[in-house]
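Residue numbers (the numbering used here): 2 to 230.
By construction, these hints were calculated from the structure, which means they are not laboratory data. One should not assume that every hint holds.
Straight line, CA to CA, 25 Å or less: simulated DSS-like cross-link-like pairs of lysine-lysine [to be verified]: (1) K47 to K114; (2) K97 to K156; (3) K63 to K114; (4) K194 to K114; (5) K194 to K97; (6) K63 to K47; (7) K173 to K194; (8) K156 to K114; (9) K97 to K114; (10) K156 to K173.
Pairwise CB distance ranges (calculated) [as the list claims (entries may be wrong)]: (11) H137 to S54: 51 to 61 Å; (12) N164 to E33: 20 to 30 Å; (13) G159 to G81: 21 to 31 Å.
For every residue, glycine included, the Cβ atom is placed at its ideal position computed from N, Cα and C.
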Amino acid sequence: MKQVSVVTQGLWANPKAGEFIGADERQAPAGEGRRQMAQAINDLFKELRLIRSAWRQAWPDKETYQAAKVQWMQAFLDEGICSQGQIEFGMIRARKQVSDFIPSPGQFIEWCKPTPEMLGLPPLAAAHREACRNAHPGMAGQGNWSHDAVWHAAKECGFENLNQLDSTLSLKLFERNYTITVRRLLDGLPLQKMPQALPSRASGRITPEVGRKALEQLRASRLGGHANA
Numbered sequence: 002m003k004q005v006s007v008v009t010q011g012l013w014a015n016p017k018a019g020e021f022i023g024a025d026e027r028q029a030p031a032g033e034g035r036r037q038m039a040q041a042i043n044d045l046f047k048e049l050r051l052i053r054s055a056w057r058q059a060w061p062d063k064e065t066y067q068a069a070k071v072q073w074m075q076a077f078l079d080e081g082i083c084s085q086g087q088i089e090f091g092m093i094r095a096r097k098q099v100s101d102f103i104p105s106p107g108q109f110i111e112w113c114k115p116t117p118e119m120l121g122l123p124p125l126a127a128a129h130r131e132a133c134r135n136a137h138p139g140m141a142g143q144g145n146w147s148h149d150a151v152w153h154a155a156k157e158c159g160f161e162n163l164n165q166l167d168s169t170l171s172l173k174l175f176e177r178n179y180t181i182t183v184r185r186l187l188d189g190l191p192l193q194k195m196p197q198a199l200p201s202r203a204s205g206r207i208t209p210e211v212g213r214k215a216l217e218q219l220r221a222s223r224l225g226g227h228a229n230a
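With the sequences and hints as input, model every part of the structure.
Structure (structure tokens):
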């Protein structure tokens with residue numbers, strides 16, 4: 002497998018391609034995933050140059066531009082940023098920032114991590130309140146969970162922990178597991194399904210008559226057993 006530095010050779014060889022990584026390098030036997038990441042980095046840098054007018058402050062020459070691509074690609078691989086969808090989340094947030102300058106790789110990586118709200122999930126504070134409320138013993142079987150992700154994160158925390166820890170520690174624990182849960186959603190991994198809620202009332206109605214009939218049946222079965230002994 003080629004080193005990251007090799008992937009970006011010929012970076013400026015074809016200006017018509019927007020200073021993309023050369024076609025020969027894209028054909029290199031470095032694996033489909035790596036080829037796609039190289040292309041994604043090329044596209045990302047082109048977009049960043051369009052929305053950040055002061056990009057030359059970070060990339061004053063071709064050599065610096067080339068080296069930056071190597072560093073960004075390695076940073077993405079190290080942090081598990083490996084899909085176009087994740088990078089697009091980063092660009093959505095980059096466009097909203099009031100700045101003319103290129104962000105650092107670390108800052109952009111943080112932008113690539115979508116907030117729960119961006120995925121249609123409740124924000125952290127609301128999800129934590131929901132988890133603590135439903136984790137209370139008095140809510141057993143009656144909790145109203147807004148999403149499988151909240152249930153999954155609460156289950157990973159441990160319901161007893163959510164009940165017993167003070168609010169600060171409880172929030173930290175839940176935040177960790179909620180973040181992991183969001184990552185699982187992004188990676189297409191399954192979540193633990195929340196159980197079916199127990200009925201608020203028993204389906205059958207217990208009355209004195211029902212009780213007497215049950216007692217009579219029990220007595221009859223015992224008498225029958227003695228008779229056959």
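Structure-based check of all given hints:
At roughly 21 Å between alpha-carbon atoms, K47 and K114 fall within 25 Å of each other, so this suggested pair holds. About 35 Å separates the Cα atoms of K97 and K156, which puts this hinted pair outside 25 Å; it is violated. About 29 Å separates the Cα atoms of K63 and K114, which puts this hinted pair outside 25 Å; it is violated. Restraint check for K194 and K114: satisfied, since their Cα atoms lie roughly 24 Å apart, inside the 25 Å limit.
For the given pair, K194 sits about 35 Å from K97 by alpha-carbon distance, which is inconsistent with the 25 Å threshold. For a cut-off of 25 Å, the pair hint linking K63 to K47 stands: about 14 Å separates their Cα positions. The suggested pairing of K173 with K194 holds, with an alpha-carbon distance near 23 Å, which does not exceed 25 Å. With a C-alpha separation of about 22 Å, the suggested pair K156 and K114 falls inside the 25 Å cut-off, and the hint holds.
A C-alpha spacing of about 15 Å is found between K97 and K114, which places the hinted pair at or below 25 Å, so the restraint holds. For the proposed pair K156 and K173, the alpha carbon gap of about 15 Å is at most 25 Å, so the pair holds. For H137 paired with S54, a C-beta distance near 53 Å keeps the hint of 51 to 61 Å intact. Between N164 and E33 the CB atoms are about 47 Å apart, so this pair departs from the stated range of 20 to 30 Å.
Evaluation of the 21 to 31 Å hint for G159 and G81 yields a pass: the beta carbon distance comes to about 26 Å.
Violated hints, listed in ascending order, are 2, 3, 5 and 12; each of the other numbered hints is respected by the structure.
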